[in-house]
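With the hints as extra help, turn the sequences into a complete structure.
Protein chains in written order, with the numbering used here: chain D, 557 to 871; chain H, 912 to 1443.
Read the hints as simulated data drawn from the structure, not as lab findings.
Predicted model, so just to flag it, every value in this text is computed and none were measured.
Keep in mind that a hint or two might mislead.
With a cut-off of at most 27 Å between alpha-carbon atoms, the simulated DSSO-like pairs for lysine-lysine come out as follows [what the hints assert, rightly or not]:
#, chain 1, residue 1, chain 2, residue 2
1, D, Lys689, H, Lys1069
2, H, Lys1069, D, Lys673
3, H, Lys1161, H, Lys1209
4, H, Lys1162, D, Lys689
5, H, Lys1279, D, Lys679
6, H, Lys1119, D, Lys656
7, D, Lys665, H, Lys1112
8, H, Lys1119, H, Lys1218
9, D, Lys689, H, Lys1112
10, H, Lys1279, H, Lys942
11, H, Lys1279, D, Lys823
12, H, Lys1162, D, Lys679
13, H, Lys1162, H, Lys1198
14, H, Lys1112, D, Lys656
15, H, Lys1069, D, Lys665
16, H, Lys1119, D, Lys665
One letter stands for each residue in the lines below.
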Amino acid sequence: MRWPLIRYIPRSTHYRFVRWAPVAAIFSAILIVGAIASLFLQGLNLGIDFKGGVSLEIVMSRPAPLAQLRTALDEIGAHDGQVQGFGEPNTAMVKFLPAKGEAASAASKHVEAELVKRFPDLKVTSRSEVGAKVSGELLMSGFKALGVALLLTLGYIWFRFGLSYGTGAVVAVIHDIVLTLGLLSVTRIEFSMTEIAALLTVIGYSMNEKVITFDRLKENLRKYKTTPLRDIIDLSENERLSRTIITGSTALLALGGTFLFGGPVLKPLVTTMIFGIVIGTYSSIYIALPMILIWGVKRGDEEATPIKLGAASRP
Amino acid sequence: MLTLSRWKIIAVTLSVIFGILFSLPNVLPQKTLDAMPAWLPHQKLNLGLDLQGGSYLLYSVDTDALHRERLSNLTEDVRTQLRNEQIPFGELVQQGEIVSVRIGDASRYNDALNLLRKNIGAPMQGVIGGKDVSISGKGDQRIEIRFVPEAVRADASKAVDQSIETIRRRIDSLGTKEPSINRQGDTRIMIQAPGESDPEKLRSIIGKTAKLTFQMVDETVTAEDVQAGRIPPGSEVMAGDQYAPYYVVKKRALVSGEELTNAQQQFDPQSGHPVVQLQFNASGGRKFGDLTARNVGKRFAIVLDNKILSAPVINGPIPGGSGIITGNFTVESANELSLLLRSGALPAPLTVEDQRTVTAELGADAVKAGAISLAIGAVAMFVFVILAYGLFGGFAAIALVVNVLLIIGIMSFSQATLTFPGIAGLILTLAVAVDANVLIYERMRDEANAGRTPMAAADHGYRLALTSILDANITSLISGLIMFSFGSGPVKGFAWTLVIGVFTSLFTAIFITQVLIGWWFKATKPKSLPIA
Chain D
557 MRWPLIRYIP
567 RSTHYRFVRW
577 APVAAIFSAI
587 LIVGAIASLF
597 LQGLNLGIDF
607 KGGVSLEIVM
617 SRPAPLAQLR
627 TALDEIGAHD
637 GQVQGFGEPN
647 TAMVKFLPAK
657 GEAASAASKH
667 VEAELVKRFP
677 DLKVTSRSEV
687 GAKVSGELLM
697 SGFKALGVAL
707 LLTLGYIWFR
717 FGLSYGTGAV
727 VAVIHDIVLT
737 LGLLSVTRIE
747 FSMTEIAALL
757 TVIGYSMNEK
767 VITFDRLKEN
777 LRKYKTTPLR
787 DIIDLSENER
797 LSRTIITGST
807 ALLALGGTFL
817 FGGPVLKPLV
827 TTMIFGIVIG
837 TYSSIYIALP
847 MILIWGVKRG
857 DEEATPIKLG
867 AASRP
Chain H
912 MLTLSRWKII
922 AVTLSVIFGI
932 LFSLPNVLPQ
942 KTLDAMPAWL
952 PHQKLNLGLD
962 LQGGSYLLYS
972 VDTDALHRER
982 LSNLTEDVRT
992 QLRNEQIPFG
1002 ELVQQGEIVS
1012 VRIGDASRYN
1022 DALNLLRKNI
1032 GAPMQGVIGG
1042 KDVSISGKGD
1052 QRIEIRFVPE
1062 AVRADASKAV
1072 DQSIETIRRR
1082 IDSLGTKEPS
1092 INRQGDTRIM
1102 IQAPGESDPE
1112 KLRSIIGKTA
1122 KLTFQMVDET
1132 VTAEDVQAGR
1142 IPPGSEVMAG
1152 DQYAPYYVVK
1162 KRALVSGEEL
1172 TNAQQQFDPQ
1182 SGHPVVQLQF
1192 NASGGRKFGD
1202 LTARNVGKRF
1212 AIVLDNKILS
1222 APVINGPIPG
1232 GSGIITGNFT
1242 VESANELSLL
1252 LRSGALPAPL
1262 TVEDQRTVTA
1272 ELGADAVKAG
1282 AISLAIGAVA
1292 MFVFVILAYG
1302 LFGGFAAIAL
1312 VVNVLLIIGI
1322 MSFSQATLTF
1332 PGIAGLILTL
1342 AVAVDANVLI
1352 YERMRDEANA
1362 GRTPMAAADH
1372 GYRLALTSIL
1382 DANITSLISG
1392 LIMFSFGSGP
1402 VKGFAWTLVI
1412 GVFTSLFTAI
1422 FITQVLIGWW
1432 FKATKPKSLP
1442 IA
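See below:
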């Protein structure tokens, strides 16, 4: 085996990325439809950050009897009670909403006392009580943050590369966000404040990918003034293939440790990030660049005519 | 670029020293840290509540309640003024934001208007009329009085500031370790108490309004009147003490707890029961003296949070500005009341909007999980990047180590909060930092393949990759800053880590590897790049 291993990655590849764009478009469209359907049908699993209510993290001296805890919660009369395993087998997460008109803190105390009465070895290790007003505001500000982040990065890309690139990037990033939200909806990962942070990093990483793709594309457009756009896209993609592979693997390796050992708090966050990295890399190649192909770009002084999808490409 | 200028080497050396010095306190045992000279950095990472355990409370100040109270006081002031001048009036009502009164005698309408204009409201700068109320004459001998919007806003803002002060005094007297109390938004107060895993004591002491007032008992009202609901305007029925089920008291407070300078638990010399002794300030003492002198033989009520503590008969004037409150106290409850009175009343009721508690053990588990994740992630990256790029990968790994030291050093130095999600942010930051090196090295390979000499290829690698690296980091910076301005608590910590990481990554990925590669070129004069 020769070392360094970078030599194993072929130096000049000639993959025809663009040719697969229509297939990728169908693939993405199906995923998007699925994600939107799931978001409409079952929505997001809103955590108490956004829904309000009480969540108690509990620890017991034996494996937590989730089913019995659930029954107990119903008997106590907790509204919309949920019990989930949380990391270690002897820990669990108990969530419920206070009854109408009841303060979250009162409900929390009452339920804890009742639970301890039924399970004497139960201890509450973490407690969150969020009022309905704050939770509504948090949800609003969370989505506002996502929107502002999109607009600002679009602004930056528009300023750096021009409008067609900016549009391509934003369409691709919206694609990433919708799919990531879809993942959260399908897997029922709890949607909390930290998930908003994860989504924002996904936007950051995805934009990062697009910027680097565009940088190389722009450079090649200057270098090869007469080559058709789709060939230049293929060339640029091939040129930066090794970088994509290495950076992507580094990021996945780095987060892998957290995915395995980060415990139940970080796992959902890291799952979102990992998915985002994969999807962000994919969408740079198959959403952002084809968008540019459809839209056309300014090349040097003359306006490039948009290339019709389906037109035969030169070998 | 690879010609190493002196400033580049100095900057790199300084940053390495800075990183080591400022992150060192986090791994040294406390004893060594104490023994270190004072000029060395001592600050450790400021761990978020989710990592060290503690309580987070978000209160909102009910400024509406405050406003309602101010309106009702305004109504009473109008009543007193008109009554003192013997101007006949009727229909004194409070409708929404407006206090409206009808003057009975048309010939005295202008007197009334002038009187109210002169005596009602407090001076206020920067508003039309120079007062916090606007008084306007309406048809049908009516006068309408309302607070100007600026006054309402200023009141609310002052109430939040006062509440923060009061909460601080109350918590300080509890001796909880270093709580932070901050204003959030317009009407919210955020309290973070590290190490406090049972916030109930905290809540019970913060949540008490502790509004103390002295109000006269309205003895003109008989029990039959109360039963028939015939309560004169300006008076109200309040639940009583152990001697009477209820009292009818005048709404207007004559002296209030704001005018206290001290309050202490004592024992009543006659009965031996615990009482609370009060000391008024000069103006409060004078008011209290007047009140007692004018009303000998009458009953007044000591009211705390709209409940009557006791309603003694005034036996004689009480000059000197001190008095005692008797009531059904135990030593403990008298002590608590004294504490609350000393630290001042909350100007408006507070409600808990958001409360989070993490026990110290859970926090310690999180630290452990975070450290393991970080270590595994870092080692995986080291191994991978060295396998992929050989010697140059080793340089990138060294840059990564310095990067971690710098991030931890800067976070310790600036006391930015490291939260649990922040650790995930840190790991991703490191991965993106490696990306900068990957971009540079891939450029070098391209340039070497294009036939440049190793030195020229390396040089061009740095030069040409720079724009991409900058573009990429600016987009990260944007999302980090947005998180910082929109998020709260753990998300803010996450954002901080990202933002600090963007700067340190740029620096280490570009400069540290550049200096190392520059030295390597000088030392070996290579014929080819190890990565080409």
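Verification of the supplied hints:
For the hint linking Lys689 of chain D to Lys1069 of chain H, the alpha-carbon distance of about 23 Å falls within 27 Å, and the restraint holds. Of the supplied pair hints, the one linking Lys1069 of chain H and Lys673 of chain D is violated, its CA atoms being roughly 45 Å apart against a limit of 27 Å. Using a Cα cut-off of 27 Å, the hinted pair Lys1161 of chain H and Lys1209 of chain H holds, with the two alpha carbons roughly 13 Å apart. Restraint check for Lys1162 of chain H and Lys689 of chain D: not satisfied, since their Cα atoms lie roughly 32 Å apart, outside the 27 Å limit.
Taking the CA atoms of Lys1279 of chain H and Lys679 of chain D, the gap is near 21 Å; set against the 27 Å cutoff, the hint holds. For the suggested pair Lys1119 of chain H and Lys656 of chain D, the alpha carbons sit about 24 Å apart, so the restraint of at most 27 Å is met. Straight-line distance between C-alpha atoms of Lys665 of chain D and Lys1112 of chain H comes to about 13 Å, which keeps the hinted pair within the 27 Å bound. With a CA separation close to 13 Å, the supplied pair Lys1119 of chain H and Lys1218 of chain H stays within the 27 Å bound.
Our distance criterion of 27 Å between C-alpha atoms is met by Lys689 of chain D and Lys1112 of chain H, whose separation comes to about 24 Å. Straight-line distance between C-alpha atoms of Lys1279 of chain H and Lys942 of chain H comes to about 22 Å, which keeps the hinted pair within the 27 Å bound. Among the hinted pairs, Lys1279 of chain H with Lys823 of chain D is consistent with the structure: their alpha-carbon atoms are about 15 Å apart, no more than 27 Å. Restraint check for Lys1162 of chain H and Lys679 of chain D: not satisfied, since their Cα atoms lie roughly 48 Å apart, outside the 27 Å limit.
A hinted pair counts as satisfied when its Cα atoms are at most 27 Å apart, and Lys1162 of chain H with Lys1198 of chain H qualifies at roughly 17 Å. In summary, the hint linking Lys1112 of chain H to Lys656 of chain D is supported, as the alpha carbons are separated by about 26 Å, within the 27 Å threshold. About 33 Å separates the Cα atoms of Lys1069 of chain H and Lys665 of chain D, which puts this hinted pair outside 27 Å; it is violated. Annotation: proposed proximity of Lys1119 of chain H to Lys665 of chain D holds, straight-line Cα distance about 19 Å (limit 27 Å).
The structure fails hints 2, 4, 12, 15 (numbered hints given earlier, in ascending order).
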